[in-house]
Amino acid sequence: MGLARKDLLGMKDVSAEEITLILDTAESFIEVSSREIKKVPTLRGKTIINLFYEASTRTRTSFEIAGKRLSADTINISAATSSVVKGETLIDTARNLEAMNPDIIVIRHSVSGTPHLLARLVRQSIINAGDGTHEHPTQALLDMMTIRSRLGTLKDVEVAIVGDIAHSRVARSNIYGLRKMGAKVTVAGPATMMPRDVGAFGVRVCDTLEEAVRGKDVIMMLRIQKERQHSHLFPSLREYSARFCLTGESLALAAKDVLVMHPGPINRGVEIAPDIADGPQSVILEQVTNGVAVRMAILYLLGGGMP
Amino acid sequence: MDRPKVVMDAEGIDRSLSRIAYEILEKNKGIEDLVLIGIRTGGIYLAERLRKKIAAIEGKEPPLGILDITLYRDDLLITKKKPALGRTDIPFPLDGKKVVLVDDVLFTGRTIRAAMDALIDFGRPKMIQLAVLIDRGHRELPIRADFVGKNLPSSLWENVTVHLTEKTGRDEVVIEREG
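Taken in sequence, the protein lines are chains A and B. Whatever position you read off the first sequence (first residue = 1), add 9 for the working numbering. Whatever position you read off the second sequence (first residue = 1), add 1 for the working numbering.
Think of the hints as simulated: they come from the structure by calculation, not from any bench. For every residue, glycine included, the Cβ atom is placed at its ideal position computed from N, Cα and C. Do not rely on the hints blindly, as some may be mistaken.
[Claimed, not checked] FRET-style restraints, in silico, Cβ to Cβ: (1) A:224 <-> B:7: 56 to 66 Å; (2) A:21 <-> B:140: 42 to 52 Å; (3) A:161 <-> B:139: 51 to 61 Å; (4) A:201 <-> B:76: 34 to 44 Å.
With the sequences and hints as input, model every part of the structure.
Structure below.
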């Protein structure tokens, strides 16, 4: 048992067996978070640094809670309050952190590939908490955990991912992971938000929301990421939501017990109607709960054994 | 390598569990505030059997919980690969309860140390007692069992395995030299 790897950088290089191990372990961790004393001594004496160069509520808090519930010491560094503002390079920051001898570094950065660079540079385990438009593996794992716990399996589950596919690390990681687990993935979004080589991902591509969600077991709505749009990819938010906002009407086309997912934060009324986000099909908050368990599982499986 | 030697058969296991069930009731004067906690995985099946036997005697079942001690092991930081984690399920409060921990084999005592630490994270039991099917000696910690099915002198080069119908399809305790 255990993950025979130093880092978790993306779903692209994680095997189906590893995914199953992480999800099985995470399911056992759900119980720890439901106890009155939500703490186990497993990673006592280990140090985890959360190095966040981009804004985050969910992911950072989730990693911090996961580390603390395993008794690790967690330290949060955000770019705005660090020496980054004094002009320190990422590599210098990493070398200095390494010199303080932590065990795991969790990193989020706006530049794709940053965790991979760090993983080659330092001896600590690196966990990718989102790199640019590339990957967000822990989000994909918590999404897969949510689907698996609700539907019992990932095999042959029909999933629609809708929104800005080209700029979404959530979409990319989910496509890699879901495909490995035998799910069938359909993507939809404005043509300007489709990766040019989308066919290479082994997904079905639809032009409209209605076509994409028809008969689906799971609908994953993506956030419109205003911070990653350097040019105008659609005329206005209003026009986008007229075509791609998930409403009761479009939801009715999906399977009867469809799961509605969203990685958060939600732009209410842009990509998902408020009554759908809060409705009976929504598992959005369950995703957040599962996120802590998935991150505990990853910290446990990567964390701190003999090198 | 020597052939595995059967040291306890199905009837032997059943008689031992019957005696332990009576001993638990005698020591605790009935089942008031009594709870059984089986340690994953062999302990779960033995705890379930003890519960049935106790229910047959008293007419009432004590609550049964499942404990996975993996997260409390003392060797996690010195082993490379992490042991598989199972789910703990103790759906009742332990405060003020008389807890009987149930495991298949008592050996070094490290599992029981981990189990006691885990239980105390769930509350403050009135007392913790230990029931095991086999005590094979070689303790590394000052721990002893309150209820023992069979004391089995063994050497460190031997493996003691408890087979249970629920797990491996037959009831049998075997001892064999490590291959």
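Status of each hint after checking the structure:
{"no.": "1", "hint": "A:224 <-> B:7: 56 to 66 Å", "verdict": "holds, 57 Å"}
{"no.": "2", "hint": "A:21 <-> B:140: 42 to 52 Å", "verdict": "holds, 49 Å"}
{"no.": "3", "hint": "A:161 <-> B:139: 51 to 61 Å", "verdict": "violated, 43 Å"}
{"no.": "4", "hint": "A:201 <-> B:76: 34 to 44 Å", "verdict": "violated, 55 Å"}
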